[in-house]
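With chain X's structure known, arrange chains V, C and E on it following the hints.
Chains as they are written, first to last, in the working numbering: chain X, 1 to 174; chain V, 1 to 174; chain C, 1 to 174; chain E, 1 to 174.
Please keep in mind that the hints were generated in silico from the structure rather than gathered at the bench.
Where a beta carbon is used, it is the ideal one built from N, C-alpha and C, also for glycine.
Residues from chain X shown here face chain E by an in silico Cβ test under 10 Å; the list is partial:
hint, residue
1, V61
2, A66
3, Q73
4 protein chains.
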Amino acid sequence: MVQDGRFARYWDFGFCVAKRSFDSNNVELDRGCRLRYHETPLQVRFYEVDSYGVVWHGHYVGWFEAGRNDLTQRFCMGPLQLKETNYLAPVVELNCEFKLPATFGASVIIQTTMERTEVAKLIFHYRVLDQENRKVLATGSTTHVLTDLKGNLLYRVPQEVLERIEAMQKYLGV
Amino acid sequence: MVQDGRFARYWDFGFCVAKRSFDSNNVELDRGCRLRYHETPLQVRFYEVDSYGVVWHGHYVGWFEAGRNDLTQRFCMGPLQLKETNYLAPVVELNCEFKLPATFGASVIIQTTMERTEVAKLIFHYRVLDQENRKVLATGSTTHVLTDLKGNLLYRVPQEVLERIEAMQKYLGV
Amino acid sequence: MVQDGRFARYWDFGFCVAKRSFDSNNVELDRGCRLRYHETPLQVRFYEVDSYGVVWHGHYVGWFEAGRNDLTQRFCMGPLQLKETNYLAPVVELNCEFKLPATFGASVIIQTTMERTEVAKLIFHYRVLDQENRKVLATGSTTHVLTDLKGNLLYRVPQEVLERIEAMQKYLGV
Amino acid sequence: MVQDGRFARYWDFGFCVAKRSFDSNNVELDRGCRLRYHETPLQVRFYEVDSYGVVWHGHYVGWFEAGRNDLTQRFCMGPLQLKETNYLAPVVELNCEFKLPATFGASVIIQTTMERTEVAKLIFHYRVLDQENRKVLATGSTTHVLTDLKGNLLYRVPQEVLERIEAMQKYLGV
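If we strip away everything but chain X, and leave its shape as in the complex, we get (with noise of 0.2 Å):
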């Protein structure tokens, strides 16, 4: 899944396999657009074990938005900051494709990166992996919309969202 071993620190330079998520957006991407994730280790807790013996669906929500508020708080675009800032970024839509299971004892890894999008949206990827041998356990994105603390739609990233959303991507590479 991951094409060479150059893993830095937080860096995963690796093939897209999100592939649903992002096809009708960026046609780079069929072509072998390498992404670079954001990374979070997390230990699979006993509680988020079900009676098959394998980490719940659900619990991968938690996850992905661990991974995505280790990543935001980094260019204060984490929850508290961007509120503080009198705006707030809620969920509108949410995917996940589950690959293989977790079990409990098991270190993951929760990978995440941002897409490039010309509308007032915010889009995460994200890649769950087994920390032991990198294999892709899930893969899902969330989006979000931009509001005021009333909760009105944003049709515009304000400027100074803008600037950290653009040092993110810098970041990101995407």
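Chains V, C and E only, in chain X's frame:
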């Protein structure tokens, strides 16, 4: 959103609102396709509400599951019942769109229906309604494969499972 | 555990089993005090069951809360209602004893009652029963202080709150 | 709360604060017994924060468990490791006291230690600290019995388990 007021205890005859799942694929829906949903009432719990004062988006995954199990258990297709027949139906894909926030104190209705497919997959569609005004708060879907207890994928639905699915589809009118 | 079969819809007249929680405050209990409980029925959800096939012990905390809110909301003492009156009632202590496991597919009843205290604290007691056989699966208690919206501790229960508490205690017969 | 600044990576030498949990078992504690805690760092997750803006009290149960498993796994006493040896250690009692709220963005430390008992029970004690200022946010304890895989209670700790417990107690200095 809902065309008429004839609600039986467990039934909602309404226009399909799960746009993404249907409308680009199925023009019939625009001409008034009626789906029937199994309904499961739930109370929003305090711990499901996040620091923005609305139900955290990840909890909808548990709500979908509660609706699905409430439906499938009536047709011996619940997780335990399937397991007793030596099958599992793990989630391989999850989609959710969030329309309006749910808040603490609200009562919601989880509507669940099932798609008729040609492949050995179970595809469920969900709507979360505000119980008071019947506004749609969220829509979503989950896709499940069938495996044996060792996790080996089944490429054909076993006869005993097929009979249950058909009974459920008859109940749902799909 | 329960002495007689006369169950009203929301009432259970039974011997107090939460011995440890009461004994220092209320000697009457040792002489066989009967408590009345408000009852809240719940379905066990699939995601609440852990890899041992039983409800994970931490989920009982959410169940206690669901029972407590179901009770307190009837007396304008729910979290939102208190907040509207400019008070909060945060949990400062939690105790739980686990007697028998709850499993997926089970229906449970959360029984909630309230202790009569001389101090500015709310002390709730809980029992979780199997709905089918009325066996006690768990017992527990939570202690809440009263604060203003800034978190300052109240050393006296405000009159408007006291009236609600007394109405609730009258309902509970404590 | 903590007497001196000599913190090793995983150790905290401090006065016991979980007064109530110990006093009937261990009179030494009243005379200022020092406990050593195993430390597990955690990031507060967004979904763990409730509508009051603080971590919902029930999530501390999962944190205690994360700390306990991080400790016990080092001594082959984790849930899976015990199960492989044909034993289970279900929680039969849980206590928690909440001192100060934890908020989103905070890093916390779960401190875990174990009580030395004469009976066939495992009793763990916990403290949750704010990582930045080392203030105690919560304390608690869990009591576990030992059973075989069928759930039959063990009245004596098996030798192979006893050796692991003693190694853990030696590590903890209890």
